[in-house]
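Q: Spelled out, the chains give:
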Amino acid sequence: MALLDIKNLTLEIDTEAGWIKALDKANLMVKENEIQALVGESGSGKSLIVRAISGGLPQQMRITADRLTWRGKNLLAMNGEERREIMRRDIAVVFQDPIGTLDPTVSLGEQLEESVPYEFVGSGWFWQKRAVRRKIAIQLLHKVGIKDHVATMRAYPHQITTDIGQKFMIAMALVSQPALLIADDPTRGMEATTKTQILKLFKRLNQTKGLSILFVGHDLLAISSMADSMTVLYCGQTVESGPIQKLQKRPLHPYTKALMESAPSFRVDLAPKSPLVTLPGTIPTLQHLPIGCRLGPRCERAQKTCVQAPEIRKIHDHQYSCHFPLHSKAK
Amino acid sequence: MIKILLRYTNLLVLTLLVVVIFSFALAYLFPGEPYTNLTGVIDEQAAAAHQNLSVTSAFWQYLGNIFAGDWGLSLMTGQSLADEIAITLPATLELSLYALAFALLVGLPIGFWAGLKPHKGIDYSVLGASAVMHSFPVFWLAMLLVLIFSLQFGWLPMSGRLNLLMDVPNVSGFIFVDIFLADNIDRSQAAWDAVKHLALPTFCVSIITMATIIRAVRRSTLEVMHKPFIIAAQSRGLSNAQIFFKHGFRNALLPILPILAMQVTTIITNVMIVESIFSWPGIGNWLLQAIYQQDYPAIRAGMLAVAGAVIVVTILIELFNRIIDPSREKFEDVTF
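Taken in sequence, the protein lines are chains A and B.
Number 214 in the UniProt record's numbering belongs to position 214 of the first sequence; there are no gaps in the numbering.
Number 3 in the UniProt record's numbering belongs to position 3 of the second sequence; there are no gaps in the numbering.
Think of the hints as simulated: they come from the structure by calculation, not from any bench.
Be a bit skeptical, because a hint or two may be false.
[Stated by the list, open to error] Simulated coverage check for chain A against chain B, where a stretch passes if three residues somewhere in it have a Cβ under 8 Å from a Cβ of chain B: (1) 45-56; (2) 96-109.
[What the hints assert, rightly or not] With a straight-line Cα cutoff of 20 Å, these simulated EDC-like cross-link-like pairs (lysine to aspartate or glutamate) come out: (3) B:K227 x A:E82; (4) B:K227 x A:E191; (5) B:K246 x A:E110; (6) B:K246 x B:E223; (7) B:K117 x A:D228; (8) B:K246 x A:E114; (9) B:K120 x A:D14; (10) B:K246 x A:E81.
Glycine included, every Cβ here is placed at the ideal spot set by N, Cα and C.
In isolation and in its complexed conformation, chain B is listed as follows (with noise of 0.2 Å):
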């Protein structure tokens, strides 16, 4: 077990020390002073005696900055890098997790019931389905929504977080974690007020994820149900509901977190695309900005942010599927 976990903080921290390596080498890959790339300080002179530095202490230097949190100014406001990345990535973080969450919530019944149907009017109809879902482009399918729930029917809001006669103090980043710190405000209300923001942005990202979880889903359980071992289940007697629950469900469900720990990647690119139309102030609306604006410390600071946090979810996930699976022991001395 603790080799597993030092194995896994290993990879992690060579990971990451590889981003931040990318990130400083933007620097210098920029336009302009690399001085200037890395702090946001306009000021020839510490310019000057950052270009007499050699590049290996000058990184060490970076590395130092990057640990302090110290992440460099923005050229655009002015304001600390790592302050407005600390207000905008949990808002990236939290949208990307309702949406993970509603698409697993959503795709694995639909994916088991495909599954433990197949080839059936129900199954085809899923797959149908989810061919649909999955080749819809989301930025399409959100503009879509906002014409159909937004203009037309006028349910649900089209922008924002939160109703802005709404006073919720920004303290952890997240929407429903800062209405329930929050005082003197009508808390249902701010929390219903959210979940209608949230409704349209969520349901866009989570749909294409929903997709390939009901194919990933469908198709293991298919597999693992003709597996020996639910047929040996079978011949002791057990009925079905008990067969799946205790042996088909679980096996079924192993392939399904690699998938998932891939998905995280495209769940968050799809978030950084549906946030600029629905003008979420997460991060992805933020580093587009940053890129209109030629903001070239906030660009790096921010494929620093996005990078680690996909790489840090990423293998959490994977840690998490190597810890619940027994069978992989046997590889232990082979791969990861």
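Pulled out of the complex, with its shape left as it was, chain A reads as follows (with noise of 0.2 Å):
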């Protein structure tokens, strides 16, 4: 069964010129087991979907969406208190700007001792429960790759550098032994060596813990060698997901091409100092969004139903919406 379950999420937000969907019937599944990956460009909605899923989101915006589930339970018509209950314990979140997502006012100890949930604490005395908290987060600490452990305990968040603050927030995200990790570009700004240790953590923690991950993110080439299966995203809309191999070797939909295109590191046969291809045009913004399938103005393949936002359709777990896919005979 699948962990998380998101069919045809549709998220809008409150502007001066109306509600604009930032979301578009956005399609997401996250199995046991497994890192999925969500990938698209900056803008694109991700972490959109990151914030429709764990909640709490602004007034300006609301969602609405034929499936939002968490093992089969609708988190849309939870109360708050059950929705928390799932937050507390089996989901976890990190967010992109760890410094920013740590309370500037208190020490990183304390604030990792502080999600420790009460379950791993036990009985005791205050000093005794402080002490199994304190175990749990040096622990963690060690376990995400940080090693001087009374520095950064002791730390506030503005002392700290940004990749520390990463395996950081990846420790606290992990104290409550969560089912599905959700990290929202984990890897942003770090440098090679750390970058390869988060990625090499999450693989262990998934082939160990069975931990699920959602890796949102655009570093393709870090997604391809940890993520089992992959989504697309562009201008809110999902345009193709399925096994990440299918994906690579077999786009389907012109925006997946032109994405993998577009990372050299894929192109076998690239020359050298050829230009890089890449699509004609910008990703539109909020306000102008192209009406039917997003990418229409920036397609070459694009023709009068376009207008029309496509279908989903289905090879086997390969999923995509396009009116012409790639490797398809002309109708």
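Work from the hints to combine the two standalone chains into their complex.
A: Set out below in structure tokens:
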């Protein structure tokens, strides 16, 4: 059974120009024990999906969905208490900006110890509990690769570097031993060795603990090295999803193809100094979204029918939404 | 930590020195003999001797006298100014303290409440009320309150700190401390009487500060509750109350403290105005009398005392703010 199942998630934002669909019928499914990647350009709505899952949306946003379920339970129909319980124990989120997501007035150690669930602490006097919390916190820090736990625990958020912060956020996410870890661009701005450490850590957690990971980002190289399947997002629409090998080898949606081609590491036959293939135009702003398939104006295969949003089509576990997919015979 | 303390002590000493220099200059700027203005003694021989002194050595002598507690005599009463200020300044500080405490006690919860429920009926009515409160002229409000509560209904006394029949000796200058220290009186009755006398002036003074605090707290709560770390706390499954008390409250309070430090001056100014309406025996009332009587030594000493008190309180609040805000360390080398 799928851990997290999102079907036709639409998120609207209230702006001066009226309600804008920042996410338009997005679909996403995370199965147990898998690493699912969610890729897309900046501003394609990746982080909005994360916000929609984790709840607590601001007033000017509203969501509707055919399905937004966690282990078969409808997240949208839940009351706040049940939703919080799921977020507390089962789902953990690592947000983009680690320094900003830490309380600037509380030391890191206190914040990490605070998020240890009370079930793990056991009973005892408060100093015993504190010692247990501290022990758990230190173990976690070592696990995510922070060696100097004394200095880190004592530091305040502004005193640490971004990559320590990112590792720390992962430690904070893992503290409740969740079933699903949502990592929103966790390796951004990291140096190569740290990045490898983090990715290895994710892979190891996935293999040994059976942790499912929703890896959000645009680092295709990292994603292809660890993810099992991938969902591609363009302008709030999910254009294609499926096992990563299939998407890499035989993308069906023109956007996926363009995305793959824009990463030189995937091109074996790329001649030195040849120009990179890019889509013409730029990603449209939210106020001027095209109707139908939002890739339309930039797509070389677009035809008249593309002003209507394409249905999802399936080939086994490979899903795409395009009227004129690649590798298909012209109708 | 020691570095911070040293830095703030340095700031305090230097600022106070500037105030002392200014008060010394006042003696020369006022009409009459500088000697008389400095000491309150009319003595032609001494004045001539003083004129022969260089300004610097006169200043050093003045500084020495200030530290020795010899602030000169009042032209009006012939009393030692230091003693008179020791009686009147505590009354003013007491009123300011209670007004500030009252403003915080009411302003903080209302501000947080409005900030947590922004752009709703509660928020708008709180904002509206605070705008009205902010635009009251304090002397007008004081007179209005006297008219209603003292003259019309006769519920509250209209002048003084304590009923004259209460025989409370002046020890510290703070009324409740004195009542506690006094012998042979009915303490609870005296305290209740003091509260009744305090009610109107405290309310008058606190109302403007309260409005400022409400607006500042609302603003900063609104800002903090949209910060990423609050969203992250939500995603960790903390309840709204936990989020607010563990992460929101403290961060929302940090920008308030500097505003509070600035409000201290507003409060003391307002207290000095209100004092003369309620015949409160504080330094504002006393200074006003000195100005009417052209009592230059008293004006000089009063100004020194008030400015000194304001500076000390302001710097203490700043220091407190500096100590509880860890992120200020970032700017350690650049600014205070």
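Q: Now tell me if each hint is right for this structure.
A: A quick look at each hint next to the structure:
no., hint, verdict
1, 45-56, "holds (count 4)"
2, 96-109, "holds (count 9)"
3, B:K227 x A:E82, "violated (24 Å)"
4, B:K227 x A:E191, "violated (27 Å)"
5, B:K246 x A:E110, "holds (11 Å)"
6, B:K246 x B:E223, "holds (16 Å)"
7, B:K117 x A:D228, "violated (44 Å)"
8, B:K246 x A:E114, "holds (10 Å)"
9, B:K120 x A:D14, "holds (17 Å)"
10, B:K246 x A:E81, "holds (18 Å)"
Consistency with the previously given hints fails for numbers 3, 4 and 7, ordered from lowest to highest.
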